[in-house]
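Novice: Single-letter residue listing:
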Amino acid sequence: MQVRVTVRLKPGVLDPQGKAVETALHTLGMADLSDVRQGKIFEFEVATASADEARRQAEQAAQALLANLVIEDFHVEVLGS
Amino acid sequence: MKAGVIVFPGSNCDRDVAVVLEAVTGSAPAMVWHGDHDLPELDLIVLPGGFSYGDYLRCGAMSAKSPIMREVVKAAEAGTAVLGICNGFQVLTEAGLLPGALMRNRDLNFICKDVWLRVEDCASRFTLGYEDEQRILVPIAHHDGNYYADDATLERLEGEGQVLFRYVDEQGEASKAANPNGSRNNIAGILNADGNVLGMMPHPERMAEAALGGTDGRVLFESLLDTLS
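Sequence lines, in order, name chains W and S. Quick note: the first sequence, position 2, residue 2 per our numbering, numbers continuous. Quick note: to get our numbering, add 81 to the position in the second sequence (first position is 1).
One or more hints might be untrue.
Chain S is faced by these chain W residues, among others (derived, beta-carbon under 8 Å) [stated by the list, open to error]:
#, residue
1, V13
2, P16
3, Q17
4, V21
5, A61
6, N68
In silico DSSO-like pairs for lysine-lysine, Cα to Cα no more than 27 Å straight-line [stated by the list, open to error]:
#, chain 1, residue 1, chain 2, residue 2
7, S, K146, W, K10
8, W, K40, S, K146
9, W, K40, W, K10
10, S, K155, S, K83
11, W, K19, S, K257
12, S, K257, S, K194
13, S, K257, W, K10
14, W, K19, S, K194
15, S, K83, S, K146
16, W, K40, W, K19
Hints were generated in silico from the structure; no laboratory data involved. Quick caveat, the model's predicted, so the values are computed rather than measured. Every residue gets a Cβ at the ideal spot worked out from N, C-alpha and C, and that includes glycine.
Given only the sequences and the hints, what does the whole structure look like? Please build it.
Specialist: Have a look at this one:
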């Protein structure tokens, strides 16, 4: 089962990298873009035919390693087989 | 005092701190590889500075899951003194031994310079040799030293006297201008609640002999020697 985990900084946690990207976008003339936040995406296979089991294992991976829950939230999508 | 230094792939201050530990304690520390499953009997465990695992994923995240860290966590919980310097501080937060997280510096720069710190409490085993509110000069060298903790955690750290070092200006004031990396409350180093685990971004081992520019950092190791011997 293919899974995607998106890791983002929690709301309220400062994101200096997102800020720098935003400044660069403005320099390129994209003045309407704001509130840029930078995150990470992980995609992997889970060896199971069950979507629930794939989600459970992906959540376990996110909590154990992929995300630092002090500063980050995560979101799991099961993409199917 | 028997000290040990944990060596991760990408550590680069392990030998520096070993030199200081040998000079202060009179015996060479044990160098313990991150993949080992056993820790020798130690009074002090040092997690050195560097770029363990190339800072992949998050600084310190991979090291915090290495086999030896399970033993370090057990030893810390049993009361062994643990000192994490720079990358070592990042590993300690990722391993859950210290609260909060070290984020990318406010201005996104790698900063390598001497900074003034204020010793907030000289009653800890790490700071007995200093005077309260003493101002000391110690170098920093990091890209991710921007200490973050949520409001409740910050309040607890401040209330319980767990903030041990703060970035200050030459007058000893924790001003915004003296904050090199955006750390909340100018925090440079914190203790755990039990007082046996210290994480700090500045490098005391790089200011431990006159030839390096000063000895303010050496006092920390001498304090440990006095307490742990």
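Novice: Next step is simple, just say for each hint if it's right about the structure.
Specialist: Status of the hints after comparison with the structure:
no.: 1; hint: V13; in the structure: 6 Å, holds
no.: 2; hint: P16; in the structure: 5 Å, holds
no.: 3; hint: Q17; in the structure: 6 Å, holds
no.: 4; hint: V21; in the structure: 10 Å, violated
no.: 5; hint: A61; in the structure: 12 Å, violated
no.: 6; hint: N68; in the structure: 6 Å, holds
no.: 7; hint: K146(S) x K10(W); in the structure: 23 Å, holds
no.: 8; hint: K40(W) x K146(S); in the structure: 20 Å, holds
no.: 9; hint: K40(W) x K10(W); in the structure: 13 Å, holds
no.: 10; hint: K155(S) x K83(S); in the structure: 17 Å, holds
no.: 11; hint: K19(W) x K257(S); in the structure: 19 Å, holds
no.: 12; hint: K257(S) x K194(S); in the structure: 17 Å, holds
no.: 13; hint: K257(S) x K10(W); in the structure: 24 Å, holds
no.: 14; hint: K19(W) x K194(S); in the structure: 25 Å, holds
no.: 15; hint: K83(S) x K146(S); in the structure: 25 Å, holds
no.: 16; hint: K40(W) x K19(W); in the structure: 16 Å, holds
Of the numbered hints given earlier, the model fails hints 4, 5; all others are met.
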